[in-house]
Amino acid sequence: MKKLSLLIAAAALALSAGPALAKKQLVIVVKGLDNPFFEAINQGCQKWN
Amino acid sequence: MLGKSDTVAIAISPSNAKLIAQTIKTANPSVPVMTLDADLAAEDSALRKTYLGTDNYLMGYRIGEYIKEKKPNGGTVCTIQGNPGADNILRRAQGTRDALSGQKGLPALKGEGGWTEVAGCPVFTNDDGAKGVQAMTDILAANPKLDAFAIEGGWPLFGAPQPYRDLFKPYADRIASGDFVISAADTIGDEVAIAREGLVTALVGQRPFEMGYKAPGVMIDLIEGKQVEDPVFTGLDECTKDTVDTCIQK
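Residue numbers (this note's numbering), protein chains in the order written: chain Y, -1 to 47; chain X, 24 to 273.
Bound-form chain Y, shown alone (with noise of 0.2 Å):
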């Protein structure tokens, strides 16, 4: 069985609260990394980036 691979694509969000912008990060974790239909949420998710 494969394992939970962890982690395809943060997007990093500027927060822009307080003296100084803070990188956080939006986590997406999915099944697996071998399979088309994940890369394509990747996709989804580089163009909202």
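For the record, the hints were derived by calculation from the structure and aren't laboratory data. If you're wondering where the values come from, they're calculated on a predicted model, not measured in any experiment. Fair warning: there could be bad hints in the mix.
Taking lysine-lysine pairs in the DSS-like style, the calculated list, with each CA pair at most 25 Å apart, reads [stated by the list, open to error]:
{"no.": "1", "chain 1": "X", "residue 1": "K127", "chain 2": "Y", "residue 2": "K21"}
{"no.": "2", "chain 1": "X", "residue 1": "K27", "chain 2": "X", "residue 2": "K72"}
{"no.": "3", "chain 1": "Y", "residue 1": "K22", "chain 2": "X", "residue 2": "K48"}
{"no.": "4", "chain 1": "X", "residue 1": "K168", "chain 2": "X", "residue 2": "K94"}
{"no.": "5", "chain 1": "X", "residue 1": "K264", "chain 2": "X", "residue 2": "K237"}
{"no.": "6", "chain 1": "X", "residue 1": "K237", "chain 2": "Y", "residue 2": "K45"}
{"no.": "7", "chain 1": "Y", "residue 1": "K45", "chain 2": "X", "residue 2": "K93"}
{"no.": "8", "chain 1": "X", "residue 1": "K94", "chain 2": "X", "residue 2": "K133"}
{"no.": "9", "chain 1": "X", "residue 1": "K264", "chain 2": "X", "residue 2": "K94"}
{"no.": "10", "chain 1": "X", "residue 1": "K72", "chain 2": "X", "residue 2": "K249"}
{"no.": "11", "chain 1": "Y", "residue 1": "K21", "chain 2": "Y", "residue 2": "K45"}
{"no.": "12", "chain 1": "Y", "residue 1": "K45", "chain 2": "Y", "residue 2": "K22"}
{"no.": "13", "chain 1": "X", "residue 1": "K249", "chain 2": "Y", "residue 2": "K45"}
{"no.": "14", "chain 1": "X", "residue 1": "K93", "chain 2": "Y", "residue 2": "K21"}
{"no.": "15", "chain 1": "X", "residue 1": "K264", "chain 2": "X", "residue 2": "K168"}
{"no.": "16", "chain 1": "X", "residue 1": "K237", "chain 2": "X", "residue 2": "K72"}
{"no.": "17", "chain 1": "Y", "residue 1": "K21", "chain 2": "X", "residue 2": "K249"}
{"no.": "18", "chain 1": "X", "residue 1": "K72", "chain 2": "X", "residue 2": "K93"}
{"no.": "19", "chain 1": "X", "residue 1": "K41", "chain 2": "X", "residue 2": "K72"}
{"no.": "20", "chain 1": "Y", "residue 1": "K45", "chain 2": "X", "residue 2": "K168"}
{"no.": "21", "chain 1": "X", "residue 1": "K249", "chain 2": "X", "residue 2": "K264"}
{"no.": "22", "chain 1": "X", "residue 1": "K48", "chain 2": "X", "residue 2": "K273"}
{"no.": "23", "chain 1": "X", "residue 1": "K192", "chain 2": "X", "residue 2": "K94"}
{"no.": "24", "chain 1": "X", "residue 1": "K192", "chain 2": "X", "residue 2": "K154"}
{"no.": "25", "chain 1": "X", "residue 1": "K154", "chain 2": "Y", "residue 2": "K21"}
{"no.": "26", "chain 1": "X", "residue 1": "K237", "chain 2": "Y", "residue 2": "K22"}
{"no.": "27", "chain 1": "X", "residue 1": "K93", "chain 2": "X", "residue 2": "K41"}
{"no.": "28", "chain 1": "X", "residue 1": "K249", "chain 2": "X", "residue 2": "K27"}
{"no.": "29", "chain 1": "Y", "residue 1": "K22", "chain 2": "X", "residue 2": "K27"}
{"no.": "30", "chain 1": "X", "residue 1": "K127", "chain 2": "X", "residue 2": "K41"}
{"no.": "31", "chain 1": "Y", "residue 1": "K22", "chain 2": "X", "residue 2": "K133"}
{"no.": "32", "chain 1": "X", "residue 1": "K237", "chain 2": "X", "residue 2": "K273"}
{"no.": "33", "chain 1": "X", "residue 1": "K127", "chain 2": "Y", "residue 2": "K22"}
{"no.": "34", "chain 1": "X", "residue 1": "K273", "chain 2": "X", "residue 2": "K249"}
{"no.": "35", "chain 1": "X", "residue 1": "K27", "chain 2": "X", "residue 2": "K237"}
Add chain X to chain Y, keeping to what the hints say.
Below, chain X without anything else, positioned relative to chain Y:
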């Protein structure tokens, strides 16, 4: 990921819904958690803020409807599934059974609506395309008069396209006439080409790009405490040999 200080939200596609539910309970995260593509089991839905992805029950129902359309009097069927812990695939299979039987919630078909699942089915392939093609080869060898396959994830078509074609080329005439029906999930890789070649009756596809594109916005809404619907469904694309040029949403 949940423990990292710079993670402000997480979207998970659980390969094993029960295992991930337990992980979330144990981690007790302070950041918003949502599911994507596959959900937790219904009884664990309080563990996540929302689900973004396909209406998997509807997807499976449409897969079943394409079979029923060709064979309204029923027959024998085999569902090809993925990982037995994956909630999305289980919901699709239930949708297919409900469409074929006309009843809700049957765990297996034994003549309801005229449909019977043959011995050895459902087959769990763990999302492995080659395994799916081998399984269908074996099922056909044991059941040469099988009427239909309901393939609940496109793995055999996009994961092993040439072995899939080699297996079903001899069935092309029967697929064309509707005497043998293959109704499959997804529209990835070679799947639409396979539909154009007449080697699958119908494809019911998802929109994974849309899931990836929408997910960050939903996570930001959750972080900001905005009201987010539960679930947020992405659409389906349905393709047959006659509609391959226009069936995929641009």
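Tested hints:
no., hint, verdict
1, X:K127 - Y:K21, "violated, 48 Å"
2, X:K27 - X:K72, "holds, 20 Å"
3, Y:K22 - X:K48, "holds, 23 Å"
4, X:K168 - X:K94, "holds, 14 Å"
5, X:K264 - X:K237, "violated, 30 Å"
6, X:K237 - Y:K45, "holds, 10 Å"
7, Y:K45 - X:K93, "violated, 40 Å"
8, X:K94 - X:K133, "holds, 16 Å"
9, X:K264 - X:K94, "holds, 18 Å"
10, X:K72 - X:K249, "holds, 11 Å"
11, Y:K21 - Y:K45, "holds, 19 Å"
12, Y:K45 - Y:K22, "holds, 18 Å"
13, X:K249 - Y:K45, "holds, 23 Å"
14, X:K93 - Y:K21, "violated, 54 Å"
15, X:K264 - X:K168, "holds, 23 Å"
16, X:K237 - X:K72, "holds, 15 Å"
17, Y:K21 - X:K249, "holds, 21 Å"
18, X:K72 - X:K93, "violated, 40 Å"
19, X:K41 - X:K72, "holds, 17 Å"
20, Y:K45 - X:K168, "violated, 47 Å"
21, X:K249 - X:K264, "violated, 43 Å"
22, X:K48 - X:K273, "violated, 39 Å"
23, X:K192 - X:K94, "holds, 21 Å"
24, X:K192 - X:K154, "holds, 18 Å"
25, X:K154 - Y:K21, "violated, 43 Å"
26, X:K237 - Y:K22, "holds, 18 Å"
27, X:K93 - X:K41, "violated, 36 Å"
28, X:K249 - X:K27, "holds, 23 Å"
29, Y:K22 - X:K27, "holds, 10 Å"
30, X:K127 - X:K41, "holds, 23 Å"
31, Y:K22 - X:K133, "violated, 53 Å"
32, X:K237 - X:K273, "holds, 15 Å"
33, X:K127 - Y:K22, "violated, 44 Å"
34, X:K273 - X:K249, "violated, 29 Å"
35, X:K27 - X:K237, "holds, 23 Å"
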